Amino acid sequence: MPTHDELPEIRAAEREKQGSYRHSIRVCMAAGCLSQHEGTIRKALVDAVAAEGLEGEVQVKGVGCMGLCAQGPLVMVDDSILYEKVTAEDAVDIVKALDKKPVKRIQSSLNIPFFQRQVKIVLENSGIVDPESIEDYISRDGYAALSKALGEMMPGDVVDEIMNSGLRGRGGGGYLTGLKWSTVSKAISDIKYVICNADEGDPGAFMDRSVLESDPHRILEGMTIAGYAVGAQKGYIYVRAEYPLAIDRLKTAIKQAKRLNLLGDNILGTEFDFDIELRLGAGAFVCGEETALMASIEGRRGSPRPRPPYPADHGLWGQPTLINNVETFANVAPIIRNGGQWFASIGTENSKGTKVFALAGQVKNTGLIEVPMGVTLREIVQEIGGGTTNDAGLKAIQTGGPSGGCIPVEFIDTPVDYDSLRMLGSMMGSGGLIVIDDTASMVELALYFMEFCMTESCGKCIPCRVGTAQMHNLLNRIVRGEARAEDLELLEQLCDLTRNTSLCGLGQSAPTPVLSTLKYFRHEYLEKIAAPPAEEAAS
Amino acid sequence: MAVRSRIKTLKIDGRDVSAHEDETILQIAEENGIFIPTLCRIEGLSLIGACRLCLIEVKGWNRLVPACHTHAEEGMEVFTDTERLRNYRRMIIELLFSEGNHVCAVCVSNGNCELQYLAQRLGMDHVRFPNMQPVRKVDMTHERFVLDRNRCVLCARCIRVCDEIEGAHTWDMRGRGIDARVITDLDIPWGDSETCTSCGKCVNVCPVGAIVEKGRAVGEMTKRKDFLVYLSKMREAKK
Amino acid sequence: MKKVTVATVWLDGCSGCHMSLIDMDERLLELAEHIDIVYSPLVDMKDFPEHVDVAIVEGAVSSSEDFEKIHKIRAHTGILVALGDCAVAANVPAMRNPFKVQDIEARAYLENVDLQPQVPDQVVPKLRPYVRPIHEIVKVDVFVQGCPPSADTIYYVITELVAGRQPDLINRTRPGA
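Chains A, B and C are the protein sequences, given in the same order.
Position in the first sequence (from 1) plus 1192 gives the number in our numbering.
Number 157 in our numbering belongs to position 165 of the second sequence; there are no gaps in the numbering.
Position in the third sequence (from 1) plus 2 gives the number in our numbering.
Errors might be hidden in some of the hints.
From the derived model, a few chain A residues whose C-beta atoms are all more than 12 Å from chain B [claimed, not checked]:
| no. | residue |
| --- | --- |
| 1 | Ala1205 |
| 2 | Ile1304 |
| 3 | Glu1327 |
| 4 | Asp1352 |
| 5 | Leu1371 |
| 6 | Gly1423 |
| 7 | Thr1444 |
| 8 | Leu1452 |
| 9 | Gly1456 |
| 10 | Phe1603 |
| 11 | Gly1617 |
| 12 | Glu1636 |
| 13 | Val1671 |
To be clear about the criterion: a stretch of chain B counts as covered by chain C if any three or more of its residues have a C-beta under 8 Å from a C-beta of chain C, and this derived list gives those stretches [to be verified]:
| no. | segment |
| --- | --- |
| 14 | 90 to 97 |
| 15 | 108 to 120 |
| 16 | 123 to 131 |
It should be emphasised that the hints constitute simulated quantities derived from the structure, not laboratory data.
Predicted model only: the values in this text are computed from it and were never measured.
Every residue, glycine too, gets a C-beta built ideally from N, C-alpha and C.
Based on the sequences and whatever the hints tell you, model everything.
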């Protein structure tokens, strides 16, 4: 059972082992690339290495997401050569090219803004460590933060450090993480819980998925530190069942952490006990809402309840509960390792650190990126993203998923931070960023998101249950060109109602895509209404 | 007797009122004869805050809050009947009407229906949204009762009374959003339910004509809701 | 003083609202001093006049004939009153909406008919796919709920309109009765 002193020994041994290889070939084994090669590339590489008799000299390892998903499957050699759209047939060439010139036909450039403009904290290990090896994680300073927290800091110091970092919740709300931790730590109770919300469900978003698949130990470490800070002994990861790979890797990671006494009783030989269990979501988007999520963990129907009381006072089974999202927990270990001040030096005045975005839509470099808060949308889309596909004109950028809004191209120089996005009628959200080119209809886009909210409404409160269905109905009419001027007015009234009277965030934010497209692209709605056909149509 | 919570003074619609801090605005309003509409709430069952009809405005708060879930605070100024609230409430009722088959003219609960009452009280003179024409299952399998899901407003009173008072938990909810519906046991016909005790509590708490007694004519199908208050008071006293 | 011209119209409804109208009894005589009924199932006039001040419409829009009629009425009317739940909410006629017109016709004209079963293709107006309340087709100025609205309510509505006021029906009417 390792103690504080033994952790560095494991680290040193692993580093030595890895350093003994002359070359390291890393194969992406995250969902995006894996879905195309099912592990065949790694196997082919291992075989090719064996065929050349290089087993002792060349390491082949499966790693997590390298980000440039659009060009996958990706293979990286020695941090310096990136291969794209690799197939198993390329393995022999890749191995033969070691110590020689890279294989030209599949070589990708690392010398592009996509890689150069990113700053990696959350994804620092993604694409580098083997997500199924705890030793590999430890070799990259993994669990050093936990060791530091348990060995050198009081729980209050940990909370202070998070507070000083200025970290805000990455799940969408943007609430100050330190404040949340502080509230839960002050709550008086023998039993407290820590929950990691991994019920990522926004269309086009896969940030949390990638983190879980690429670096699961980082989440366990973050949660365990949180447990120590707030006085909890038990943690739950609520992960959607549609992420089987993430679930497998989390299961493996939990087992490994228990083996090395980094989870369980007397962690690292201290008095601190902490355990983590997985809970699988059955596919309801609303279970990402914290009160619905807790109901689901408790085994009840996943529908939200009014707040207050907030989970920090009255959470899981009525006990004080800390709920943070995957990316929030992913930031914890680096903050403890490097200090809150270090983290606060990155980003903007009110939005600290970095943000991971899943870049999707009509953009060349779709994939996963991490940028410091405050970079502009232009940098993200035009430089990192490489601009629109087919060189169509850029029309808008959608952030925040079905709860977020569309930002028109004239605001492309807006810095990406919580407050700027909100001022434009959108939101940071969890990190989905969809690029829309000028061939898209904004009314249809609003219709799409409304359909999503309608199908995902739990049905508990009337404004969301029926309001989303009636808004969907009205939008459909507008899209089909059957709407009257009064319909637009009615749509706006319903948006107002649903936003202000719904029980939970799902309903309250469901009208946002409509409102933001109405704000910036009203003419597209009016064009559809301008020439109504002779009444008849559908009725 | 335990010491009761502290007294708070507050204003509701301009009137000075005092209340215990553990009382909700809804209770305080009722004690003072101030009407706040409700639908999912029924005295004697837990609160779920689902219907959103009891939303109120509080001075200085930027969100509307449900009166059933908001407690008295010193000096708070509550508004229960603003133009904005009236509009929202009417629209919520319109949405309910548009969602189901609420044809009062042919409903056994005509004249004894909380939805119909609210429509009148909240000034709904027509529904601006097209009717969604649901085709939901009607369950006639129970010996004495009928469930017409087309008339259900999903207030979940049946679910709560069966669970919290009768202790049978025959009722539950299935599906989501506009497809959510009440079910008996694991969605088997009501008549086949092994947990149902046929106590009829769900019939009596149903605010509309969704759960009714067979063989009753309009005017006969009155519902008795006072039993709940009586039962819960007796249980409290026993404790 | 010039009398207010009034039309009453019967679309898809049971005529109960018109019964309720007649149920005003002797008050009809009093009203007759202020209004002229220029078009109605109760008077012998084939075509809708060029202009009426008030049109009181019972029933929902169910057939092609209803549809054409209501457009015509709207075009030639000052104040359009939707009278009763069928006009306001489509009510009982709309209970056929979940079914297909074909199925309804088959049921009515084929399945349940012994002698010469056939779906009429002349004289009887074509059913529209869905029955709609009037305001979903044309603009309505006054909504009078009830199945039927009481004679008192109808009397109130007419006297208010004659006096040039918008009737305040909040709390006076409700769906159903």
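Hint-by-hint comparison with the structure:
Against the 12 Å criterion, Ala1205 (chain A) stays outside the reach of chain B, whose nearest CB is about 51 Å from its own CB. No beta-carbon of chain B comes within 12 Å of the beta-carbon of Ile1304 (chain A); the shortest separation is about 43 Å. Look at Glu1327 (chain A): its CB is around 44 Å from the nearest CB on chain B, clear of 12 Å, so calling it non-interface holds up. Separation of Asp1352 (chain A) from chain B is adequate, the least Cβ-Cβ distance of about 30 Å exceeding the 12 Å criterion.
A cut-off of 12 Å between C-beta atoms confirms that Leu1371 (chain A) is not in contact with chain B; the least separation is 19 Å. The claim that Gly1423 (chain A) lies off the interface holds: its Cβ sits roughly 27 Å from the closest Cβ of chain B, which is beyond the 12 Å cut-off. The beta carbon of Thr1444 (chain A) is kept farther than 12 Å from every beta carbon of chain B, the shortest such distance being approximately 33 Å. No Cβ of chain B comes within 12 Å of the Cβ of Leu1452 (chain A); the nearest lies about 41 Å off, and the non-interface call holds.
Against the 12 Å criterion, Gly1456 (chain A) stays outside the reach of chain B, whose nearest CB is about 37 Å from its own CB. The Cβ of Phe1603 (chain A) lies farther than 12 Å from every Cβ of chain B, with a closest approach of about 25 Å, so its non-interface assignment holds. Interface exclusion of Gly1617 (chain A) from chain B stands, the closest Cβ pair being 17 Å apart, more than 12 Å. Once the 12 Å rule is applied to beta carbons, Glu1636 (chain A) is consistent with being away from chain B; the minimum gap is 21 Å.
Even its closest Cβ contact with chain B, about 16 Å, leaves Val1671 (chain A) beyond 12 Å, as expected for a residue assigned away from the interface. Restraint check on the segment 90 to 97 of chain B versus chain C: 5 residues with Cβ-Cβ distances below 8 Å, three needed, restraint holds. Counting residues of the segment 108 to 120 of chain B whose C-beta lies closer than 8 Å to any C-beta of chain C gives 10; at least three are required, and the coverage claim holds. Under the rule that three or more residues need a Cβ within less than 8 Å of chain C, the assignment of the segment 123 to 131 of chain B holds, with 4 such residues.
Comparing the model with each numbered hint stated earlier shows that all of them hold.
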